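Given chain A, put chain B in place with the hints provided.
The chain contents come next:
2 protein chains.
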Amino acid sequence: MNRKLKKPAKTDLLAPFALVRPHLSEIEKLLREQVDSFDPGVQPYVDYVCDTAGKRIRPALAILTGGALGDITPDHLKLGSILELIHIASLVHDDIIDGADIRRKVATPHTKWGEGLAVLLGDALFSHALMLSTEFNDLHLSRGIAKAAREVCEGEIIQTQRRFDLTLGRKDYFRILEMKTGALFAAATGLSAYLSGADEETVEDLYQFGLKLGTAYQIYDDCLDLVGTEEQFGKTLRTDLEKGKLTLPILRLLETASPSQREKLQERIIKQEPLDLPVLSGIADYEGAIDYSIETAVRLVEDARDPLHFLPDNQYRDALFTLANYLLDLLRKLR
Amino acid sequence: MNRKLKKPAKTDLLAPFALVRPHLSEIEKLLREQVDSFDPGVQPYVDYVCDTAGKRIRPALAILTGGALGDITPDHLKLGSILELIHIASLVHDDIIDGADIRRKVATPHTKWGEGLAVLLGDALFSHALMLSTEFNDLHLSRGIAKAAREVCEGEIIQTQRRFDLTLGRKDYFRILEMKTGALFAAATGLSAYLSGADEETVEDLYQFGLKLGTAYQIYDDCLDLVGTEEQFGKTLRTDLEKGKLTLPILRLLETASPSQREKLQERIIKQEPLDLPVLSGIADYEGAIDYSIETAVRLVEDARDPLHFLPDNQYRDALFTLANYLLDLLRKLR
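Here the protein sequences line up with chains A and B, keeping their order.
First residue of the first sequence: 4, per this note's numbering; consecutive thereafter.
First residue of the second sequence: 4, per this note's numbering; consecutive thereafter.
Accuracy of the hints is not assured; some may be wrong.
Pairs count within a copy or across copies, as identical chains cannot be separated in the list.
[Said to hold, decoys possible] Each computed DMTMM-like pair below joins lysine to aspartate or glutamate, with the alpha-carbon atoms no more than 20 Å apart:
id, residue 1, residue 2
1, K115, D101
2, K150, E36
3, K150, E138
4, K32, D294
5, K336, E290
6, K150, D42
7, K150, D39
8, K108, E276
9, K336, E298
10, K248, E118
11, K108, D224
12, K246, E298
Please keep in mind that the hints were generated in silico from the structure rather than gathered at the bench.
These numbers were taken from a predicted model, which means no experiment stands behind them.
Isolated chain A, as found in the complex (with noise of 0.2 Å):
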């Protein structure tokens, strides 16, 4: 691929989404036919689970990655539903441990059935995206899936072990981030990318693209927790220091606060006492935590996008860059 820099044109930031739209029904249709799949006493459930109005991102990044590249393949479509279905499995285990009652306006699945069921409807899912990943006939793709399929997990496992954990550095902190949502974002459009028949530099500069823009997209979801309102998000916030899970503005501003501070800010979050905004505010550098996590976000992001330069210049990586910037426009918004 010729690597010489290529401008992107304006977009609209709403673009890449109207892009997708006709190929995000093709997925639907897709995660359709899968539960079709499924023994008939099973059904019902995965049918209620993929019925969700979810954001379909994964999807979406393997789909313009692959009109980035060349053509938008059945593969290319089918390594979105793949990537899906391990994402909605792990948003079933989730919950569970989040004890989270609604997502996306419906009961989740261990609020309607029961713990144990909403266990084995995530397996059941889990295990049927990695034998529709073997339908390729490529070993590396199945490696592939699997391997962020258990990235994901091991993730969570970290993050859910080192809960309450006021050791947990940043350095883990990006491992627990890259794992949990890199590496499916990567996995649609490294997985992809290869699925185009690109270079190996190719898929890796899409791979790390996936990568950086995951754990961004978890950064600013992690600011949102503290700084949104619930009204304008349409979900429960404030609940992950409430769950101990210390996020970047947290660290940072555990690193800035000064002795005294760190003490106070330590014993509440050990003690899961109420810690909003006002409290926040007024025990330490609330604001310069958050500019900080944002400014962070914002260097990922951009790292990003770099490489998508080197595409051939078509709607698709425009997509990709819009999109890009769209999560920067995220982030500026959350100031």
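Chain B only, in chain A's frame:
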């Protein structure tokens, strides 16, 4: 392969276990190696669950099948260890669902580290096993393993879903057993035969051997829950009915009871009233129902054993026979 009938030599019932012992220590080594491939933050958990005194029946079946059809290769051992990892993953999740505190004399993962971590640990083991399966460089194997894993989960889902469901029929019961226990046994024998390069008919024969043996083994376990003594078997018994699991003896009891007996029995099941031996015996033909279940399992094992006659005559083939006979022996001892 020459399908001439060959009679098995008479052997000590424990011979198969002596025969696989050296190979099983290889399996333990392989499992231990897997631990190292996890993130350091996850290793201690994986180590804990792999280090149990499991019977390693699935690896033993893979090894004996390999021996019966030629050489026991590193791939047979790898297959055995992958299936054991899937089995361990499913036990971690089953114990959450059943609220079991102790397994094989040690605390279960969810008791030790909480449900969340146990859910994720099972997930990581599942996805690791499926990742390992791609190392065969043979998609038929990856697919067969993923399919077996999915069936285990589906079987458990249907079982969970149909707890306390008095309309459960014998056909449903057998379907659950084939999925939740038969599938991994069948993968051990069938895929092992495939690894040995056996012809399609032999692969199918061995697949059916595993499927039926696994199903019969589960019937044994279901009967044991009703008639065994805890001292004798070192596990908590009489828990199936409490949890609404309708097993073959109970299905038979309901079938053969008079309308008034059936009503009494159904009421006790739904109300989760203790249903121990004296109570059951007082209600309907309890012994007849146990006998019937044992007979069903015996016939299954005999059926399973038949095609072994067509295998080459060697000590591993004999050990497969003896393993089947060992299960027959266990079944007869239940009376």
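Okay, the hints, checked on the actual structure:
Proximity of K115 to D101 under the C-alpha cut-off of 20 Å is found in both arrangements, the shortest distances being 15 Å within a copy and 18 Å between copies. In the homo-oligomer, the alpha carbons of K150 and E36 lie at most 20 Å apart only across protomers (17 Å), although the nearest pairing inside one protomer, at 24 Å, exceeds that limit. In the homo-oligomer, the alpha carbons of K150 and E138 lie at most 20 Å apart both inside one protomer (17 Å) and across protomers (12 Å), since each shortest distance falls under that limit. Proximity of K32 to D294 under the C-alpha cut-off of 20 Å is found in neither arrangement, the shortest distances being 41 Å within a copy and 50 Å between copies.
Taking identical chains as interchangeable, the C-alpha atoms of K336 and E290 lie at most 20 Å apart only when both belong to the same chain, with a minimum of 14 Å there against 72 Å between chains. Proximity of K150 and D42 under a CA criterion of 20 Å is satisfied inter-copy only: 12 Å between copies versus 26 Å inside one chain copy. In this assembly of identical chains, K150 and D39 lie within 20 Å of each other by CA distance solely across copies; the values are 15 Å between and 26 Å within a copy. When the C-alpha separation of K108 and E276 is checked against a cutoff of 20 Å, the pair qualifies neither within a copy, at 27 Å, nor between copies, at 38 Å.
In the homo-oligomer, the alpha carbons of K336 and E298 lie at most 20 Å apart inside one protomer (12 Å), although the nearest pairing across protomers, at 71 Å, exceeds that limit. Taking the shortest alpha-carbon separations for K248 and E118, only the inter-copy value of 17 Å comes in at or below 20 Å, while the best intra-copy value is 22 Å. Within a single copy, K108 and D224 get their C-alpha atoms as close as 18 Å, which meets the 20 Å cut-off; across copies the closest is 42 Å, which misses it. When the C-alpha separation of K246 and E298 is checked against a cutoff of 20 Å, the pair qualifies neither within a copy, at 25 Å, nor between copies, at 53 Å.
Consistency with the previously given hints fails for numbers 4, 8 and 12, ordered from lowest to highest.
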